[in-house]
Amino acid sequence: MKAPRITDTTLRDGSHAMRHQYTLEHAKNIVAALDKAGVPVLEVTHGDGLGGSSIQYGFSLTNEMDIIETAVQTATQAKIAALLLPGIGTRKELQEAVARGIKVVRIATHCTEADVSEQHFGMAKKMGLETVGFLMMSHMRPPEFLVEQAKLMESYGADCVYVVDSAGAMLPHQAADRVKALKDALSVEVGFHAHNNLGLAIGNTLAAVQAGADQVDGTLRGLGAGAGNAATELIAAVLDKMDLNPGVDVFGLMDAAEFVLAPMMPFQPIPDRDSIAIGYAGVYSTFLLHAKRLGAEHHIDPRDILVELGRRQAVAGQEDWILDVTLDMAREKNGA
Amino acid sequence: MTPNSQTGTDTVKVAILGSGNIGSDLMFKLLKQPGHMELALLAGIDPASDGLTRARDLGIATSAEGIKAVLADPDLKIVFDATSAYAHVRHAKALREAGRIAIDLTPAARGPYVVPPANLNAHLDEVNVNLITCGGQATIPLAYAVSRVTPVDYAEMVSTVSSVSAGPGTRQNIDEFTFTTARGLEVIGGAKKGKAIIILNPADPPIMMRNTVYVMPEANDIDEQAIIDSVNRMVADVQEYVPGYRLKNGPLFEQRSTAQGPRTIVSMLLEVTGAGDWLPPYAGNLDIMTASARRVGEVFAQKLLAEATPTEVTA
Numbered sequence: 071m072k073a074p075r076i077t078d079t080t081l082r083d084g085s086h087a088m089r090h091q092y093t094l095e096h097a098k099n100i101v102a103a104l105d106k107a108g109v110p111v112l113e114v115t116h117g118d119g120l121g122g123s124s125i126q127y128g129f130s131l132t133n134e135m136d137i138i139e140t141a142v143q144t145a146t147q148a149k150i151a152a153l154l155l156p157g158i159g160t161r162k163e164l165q166e167a168v169a170r171g172i173k174v175v176r177i178a179t180h181c182t183e184a185d186v187s188e189q190h191f192g193m194a195k196k197m198g199l200e201t202v203g204f205l206m207m208s209h210m211r212p213p214e215f216l217v218e219q220a221k222l223m224e225s226y227g228a229d230c231v232y233v234v235d236s237a238g239a240m241l242p243h244q245a246a247d248r249v250k251a252l253k254d255a256l257s258v259e260v261g262f263h264a265h266n267n268l269g270l271a272i273g274n275t276l277a278a279v280q281a282g283a284d285q286v287d288g289t290l291r292g293l294g295a296g297a298g299n300a301a302t303e304l305i306a307a308v309l310d311k312m313d314l315n316p317g318v319d320v321f322g323l324m325d326a327a328e329f330v331l332a333p334m335m336p337f338q339p340i341p342d343r344d345s346i347a348i349g350y351a352g353v354y355s356t357f358l359l360h361a362k363r364l365g366a367e368h369h370i371d372p373r374d375i376l377v378e379l380g381r382r383q384a385v386a387g388q389e390d391w392i393l394d395v396t397l398d399m400a401r402e403k404n405g406a
Numbered sequence: 082m083t084p085n086s087q088t089g090t091d092t093v094k095v096a097i098l099g100s101g102n103i104g105s106d107l108m109f110k111l112l113k114q115p116g117h118m119e120l121a122l123l124a125g126i127d128p129a130s131d132g133l134t135r136a137r138d139l140g141i142a143t144s145a146e147g148i149k150a151v152l153a154d155p156d157l158k159i160v161f162d163a164t165s166a167y168a169h170v171r172h173a174k175a176l177r178e179a180g181r182i183a184i185d186l187t188p189a190a191r192g193p194y195v196v197p198p199a200n201l202n203a204h205l206d207e208v209n210v211n212l213i214t215c216g217g218q219a220t221i222p223l224a225y226a227v228s229r230v231t232p233v234d235y236a237e238m239v240s241t242v243s244s245v246s247a248g249p250g251t252r253q254n255i256d257e258f259t260f261t262t263a264r265g266l267e268v269i270g271g272a273k274k275g276k277a278i279i280i281l282n283p284a285d286p287p288i289m290m291r292n293t294v295y296v297m298p299e300a301n302d303i304d305e306q307a308i309i310d311s312v313n314r315m316v317a318d319v320q321e322y323v324p325g326y327r328l329k330n331g332p333l334f335e336q337r338s339t340a341q342g343p344r345t346i347v348s349m350l351l352e353v354t355g356a357g358d359w360l361p362p363y364a365g366n367l368d369i370m371t372a373s374a375r376r377v378g379e380v381f382a383q384k385l386l387a388e389a390t391p392t393e394v395t396a
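Taken in sequence, the protein lines are chains A and B.
Counting along the first sequence from 1, when you hit position 52 you're at 122 in the working numbering, and nothing is skipped either side.
Counting along the second sequence from 1, when you hit position 291 you're at 372 in the working numbering, and nothing is skipped either side.
Hints are computed from structural coordinates only; laboratory data are not their basis.
Take these hints with a grain of salt, some might be off.
What the hints assert, rightly or not - Keeping only pairs whose Cα atoms sit at most 25 Å apart, straight-line, the calculated DSS-like set for lysine-lysine is:
| hint | chain 1 | residue 1 | chain 2 | residue 2 |
| --- | --- | --- | --- | --- |
| 1 | B | Lys384 | A | Lys362 |
| 2 | A | Lys162 | B | Lys329 |
| 3 | A | Lys221 | A | Lys195 |
| 4 | A | Lys106 | A | Lys72 |
| 5 | A | Lys311 | B | Lys274 |
Stated by the list, open to error - Sample of chain B residues at the chain A side, in silico, Cβ under 10 Å:
| hint | residue |
| --- | --- |
| 6 | Leu281 |
| 7 | Ala307 |
| 8 | Ser311 |
Where a beta carbon is used, it is the ideal one built from N, C-alpha and C, also for glycine.
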């Protein structure tokens, strides 16, 4: 087993829990602490990737390009990454993010739709970026199916392909099986991104590392969509105990989580009732806060909304369906 | 102009370029509801294509010579281009020089964007019009319905289509879909700024095409009833040529927080069920393109006939 590279995505996945209200001051402090603790890659973007600021997903308080630039200027050793979801962000935003200094782009598609990413990988490689492919909602398809999609991304120029448990729905053996299948089939690196909706973020991340994952994701305090992610400081402590510390300062990360991030967090994501429902029903983790808000406004149980979204097989980015389901349920309830 | 033996009315000869799914669906629509058009040619480039075989079986003249066959027959006054953006750039020039009217279903956009109930009448003197994107045909009418009542700062659309109805053209050019649709929301939809998002959903059985339109008016205090009335009128107008077009939820009026403070947002949730002429009903995204194209062709045909003879024509 080898020590995996850690990518911290507090300033991207954490943006969901922050309702996209990060300031430049927040970004500067988070980047400075993670950079000092030796985390090599930091992802900085609207939660839904470049161009995600919208009515559909929530507007950013601060222009993500300005946050990226602040992160680039603050980091001394860490590379800054951006997330791009084709269909939401475009090559136009990617070009601007490169002009602002990103060195890594992570290109995310639903786990069945990798072929929409070809033009974006092509441009990213041309611009000299390190590229990572993100197969979102990977719990929805078996390992052998994911292998075919991962191979597409590899053929487009991905330097690494991630198994992304966007719904926090996987069990440890499912995470391991998927990572192992990709490791066996690809010649590029393989990564794993966890959500904690079933309380398994650290467990699944460890299972992925044991199955050979080269890269894993974390966020300070697990700040992220749904019940959050695997906490970066926890990954560091656990890997260190396994003699797999990739070169990060464990105490430094514990301090960053406690003294830098915790004071600015609006709440601590945990596997509460509605988050468990997300993992259980297998829906996109970012649906949590939208379902809570709409449920409260229309007097519908958020858990019922989330379960129905699972039944309708909603995928990443379909936040408008939360409104649709809520209005359908409200109409039914009122007997109209 | 030739008399139509079935209807007794005059018709204009039209051709379809492209024998793929879109061209085939349009062919079935023109056969089912010819109006003042007579489909006289389906031209592709692959003699062995299923589309050309299908057309021949239905008694439609076909050619594998593509644009050459269209140019060879001067009676083909209106040409629907269902090929690719790349090919249409070349076709547009040739058709213009030959004095034909081109209705462009590709993203090439050599002529102005048209959405039939919003701005078609303003472009009847053009020789080339473009149908934007499927999502644009579905959502721009609703943005327009709001902006004709109250000034609009921002309009955003989210189109969700079933994975099986998104062909390789869409997949390899997904950015062009968002650029073009966003621009259409501005140019025709009347928004100062437009944004488009497209999502592919692989659910089985396939989902119907869904579109959500969010509009942020300039003012927070708006006449909600006037907007509801305008939207309902627009939905009825689109239903005239896309029967499966349905407002499923909304208009819903909400306050949302933005970087500029709380703003009023109008949300409208649409479903488009295809007519099932050739493509299955879930492919509402493709159906709305061909239905819009038929509508545009019909209006142009009527105009040509009116110019040729002073007698009145009806749809």
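Results for each hint:
no., hint, result
1, Lys384/B / Lys362/A, "violated, 54 Å"
2, Lys162/A / Lys329/B, "violated, 33 Å"
3, Lys221/A / Lys195/A, "holds, 16 Å"
4, Lys106/A / Lys72/A, "holds, 23 Å"
5, Lys311/A / Lys274/B, "violated, 53 Å"
6, Leu281, "holds, 5 Å"
7, Ala307, "violated, 21 Å"
8, Ser311, "violated, 20 Å"
Consistency with the previously given hints fails for numbers 1, 2, 5, 7, 8, ordered from lowest to highest.
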